[in-house]
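Participant: Next come the chains, spelled out residue by residue.
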Amino acid sequence: MRSHEILRVQDPPLRPLLVKELWEILGGRALWTMLLLMCPLIGYSFFQAVSLYGEASGAGLQSQVLAASLSPLDGVLVPTLGASYVAVTLLFPFVAIRVLGQEKESGALRLLVQLPYRSSTLIAAKLAAVLVAWMLSSVPAFSALAIWRMLDGHLSAPETLNLLFGHLLYGLLVGAIALFAASVSESAATAAIVTLAFTIGSWVLDFTVAGHPGLLEWIARLSLTQVLRTFEQGLLSAGLVVGIGTAVCGFSALATVWMPPGVDVRTKLFRSLVCVLAAAIIFGLATQIRFSVDVTEDQRNSFPVADQRVLAKLAEPLVVMVHLAAEDPRYADLQRNVLAKLERVLPNLSIRLAGGWQNLATSAGEDRYGEIEYTYGGRSDISRSTSPREILPLLYGLAEVNPPAPAPGSDYPGYPLIAGGQLALLWFFCGLPLCIAFAWWRSRRLPANHNKLTKEA
Amino acid sequence: MDGVLHLASPDPPIGRNTLLPVEAACVSEQADDQTLLRVDSINKQYADQVVLADVTFDIRAGEIVGIIGPNGAGKTTVLEVLAGILPAETSDVHWLGRPLPPSRRREAMFYLPDGVRPYQDQPVTRVLSFFADVYRKSTDEITNTIQAVGLTPVLHKRVHSLSKGYGRRLLLALGLLTPHPLLLMDEPFDGFDLRQIRDIVGVLRGEAAKGRTFVLAIHQLLDAERVCDRFILLADGRVRGAGTLNDLRARTGLASGSLEDIFLALT
Chain A
1 MRSHEILRVQ
11 DPPLRPLLVK
21 ELWEILGGRA
31 LWTMLLLMCP
41 LIGYSFFQAV
51 SLYGEASGAG
61 LQSQVLAASL
71 SPLDGVLVPT
81 LGASYVAVTL
91 LFPFVAIRVL
101 GQEKESGALR
111 LLVQLPYRSS
121 TLIAAKLAAV
131 LVAWMLSSVP
141 AFSALAIWRM
151 LDGHLSAPET
161 LNLLFGHLLY
171 GLLVGAIALF
181 AASVSESAAT
191 AAIVTLAFTI
201 GSWVLDFTVA
211 GHPGLLEWIA
221 RLSLTQVLRT
231 FEQGLLSAGL
241 VVGIGTAVCG
251 FSALATVWMP
261 PGVDVRTKLF
271 RSLVCVLAAA
281 IIFGLATQIR
291 FSVDVTEDQR
301 NSFPVADQRV
311 LAKLAEPLVV
321 MVHLAAEDPR
331 YADLQRNVLA
341 KLERVLPNLS
351 IRLAGGWQNL
361 ATSAGEDRYG
371 EIEYTYGGRS
381 DISRSTSPRE
391 ILPLLYGLAE
401 VNPPAPAPGS
411 DYPGYPLIAG
421 GQLALLWFFC
431 GLPLCIAFAW
441 WRSRRLPANH
451 NKLTKEA
Chain R
458 MDGVLHLASP
468 DPPIGRNTLL
478 PVEAACVSEQ
488 ADDQTLLRVD
498 SINKQYADQV
508 VLADVTFDIR
518 AGEIVGIIGP
528 NGAGKTTVLE
538 VLAGILPAET
548 SDVHWLGRPL
558 PPSRRREAMF
568 YLPDGVRPYQ
578 DQPVTRVLSF
588 FADVYRKSTD
598 EITNTIQAVG
608 LTPVLHKRVH
618 SLSKGYGRRL
628 LLALGLLTPH
638 PLLLMDEPFD
648 GFDLRQIRDI
658 VGVLRGEAAK
668 GRTFVLAIHQ
678 LLDAERVCDR
688 FILLADGRVR
698 GAGTLNDLRA
708 RTGLASGSLE
718 DIFLALT
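Protein sequences, first through last, are from chains A and R.
Using my numbering, read the first sequence as starting at 1 and increasing by one per residue.
Using my numbering, read the second sequence as starting at 458 and increasing by one per residue.
None of these hints come from the bench; they were simulated from the model.
It is possible that some hints are incorrect.
[Claimed, not checked] Calculated lysine-lysine pairs in the DSBU-like style (CA-CA distance at most 35 Å, straight line): (1) A:Lys452 x R:Lys621; (2) R:Lys594 x R:Lys614; (3) R:Lys594 x A:Lys455; (4) A:Lys452 x R:Lys594; (5) R:Lys667 x R:Lys621; (6) R:Lys594 x R:Lys621.
[To be verified] If you anchor each label on the Cβ, the simulated ranges turn out as follows: (7) A:Ser443 x R:Glu546: 43 to 51 Å; (8) R:Ser560 x A:Leu22: 23 to 31 Å; (9) A:Pro13 x R:Pro610: 24 to 32 Å.
All C-beta atoms, glycine included, are put in the ideal place defined by N, C-alpha and C.
If we strip away everything but chain A, and leave its shape as in the complex, we get (with noise of 0.2 Å):
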């Protein structure tokens, strides 16, 4: 006889839950139409990519200078994986909602919901499916980077992983916000509404406010499209992999929040709030992380190492006012070759933009318009260049140290290549599609222990 006491399952196996979340979104069109979309994207702009690479290596080829400004990274990886960001943002958002959604809509997760798994465990698994969706989306994006290799282009590892790493914890975050639509709405459509108003909206945010001083690009920041901006660059922030640590993790916390139906409103919207303070607070810390790692084959976000090493000395503070409006050029210019630099080497920096909110318009007639004015214990000198050659020799004689030597025979030499690119539009057009084809119907054969269950049934 049946015992009617009550059931313990200790720790239910998880192999079948991520089996089963395998087989749903590998089972589903969703997945492999975008692999099929994604080919012919990511191959023309691959193909592209590497035609324009070639024609600026031919001057390249002719002059060392020209050359050293020949990066793989910004020639062919941005633009090529700038493909594959497209088709996440516009496309991946309908893989992952499927994950949850389809459960949603068939019913089938009111069954899911009384198996002896947490609501955590549940969408952590759905999470993990939305890896290996990624994983797979990215096939496209990874041959092409075999190509580029086949074709003798030149790859930095440091480089072309931190890259790689980005679009990864983008393809995350999208799907995370995916979960968290699915888990709010009744219908996989209202959810995908849900997750393009975020990815697209944010993409609208980035083209518009982008640019623009004061609180306009402090709401720009908050675009999705920033993620990736500090890993095109070739650095790895760690304040920047925390926050999108957090937000992946709080979106999927909003998710089993939302996602167990019997559970009233009430409660669902107080522990939301948990996890949003939670998430507010985590941000707030990861905002004062500077802690980066400039992992460029040609150090772009660093001065030369003895710089590094002298300026990492200096140990006052450092007080860097700007008579710039923000959206002047000369700011931008300013900003990337001398202050971010400044930024990540210097324990104790202060930059102040003396216009406010003010813009170009309004500012430009200023008398000191134009001048950086440097103050460092207690000293304090003017200069109007943004650049490094003419600032670090004001910042040495400001804090009384001596410039250092050169270090020899640390130039970035770049690496042009002239490259036909015309065979890889033929995988991308027939190739690949064939074995994403292949790849499906396999997919479609039934489990192993079928024809076992068949014969003794």
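Once you have looked at the hints, place chain R on chain A.
Facilitator: Frame of chain A; chain R shown alone:
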């Protein structure tokens, strides 16, 4: 408890949200040792509309209980609140005399909703294997379940291509693969013909004989009369009567009345 017949339970009503663990133990000792599940009070409303009003009943171990009522009576809502997948204003449930909060209901019972086609793009075998693997069931147990519900001809098919009847069988098979002592099933015979109903009733009877308990929400009174040991008559979100057919006949004075006659008399 207006108008509710308590033919199954000899216990006095217990106040809502008042049981402490010690008191619960005392109630457990006093309770009929056959009472598996005791629903003290379920109240549920959407905005101003009362869907369930003080729904109270008992379930004994090993019986097949039918929650009977017309469409809109609140049968599905009772099952969903009972299973803990629909929040309610109050939902006081005791399992073997001990309070069972909604978050722990899935440890005692498994609910098979109406009209669900789980994992439609997957073959039937894979869906069955998933449930069997979660509960660490052997291949023999899976094949026994497949044979019992007659799923063999469609094992290779994808769930979305199953007929309504086979869809029901699949859901029943999933329920049978779970180890829960109580199965809640919403309209389990919808889509079956007479012969198929008899087959499935045989399966349920076999499981009940092994000690498993079933609560079925059925709107076809003829089907219910054929299958269930006891009935809970529900109308407009209220329990109008509960007991065996003979109990209800005695209550209504319809000595040879059918379930339909009794239902009409009580509602």
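Participant: Which of the numbered hints above does this structure break?
Facilitator: Every hint satisfied by this model.
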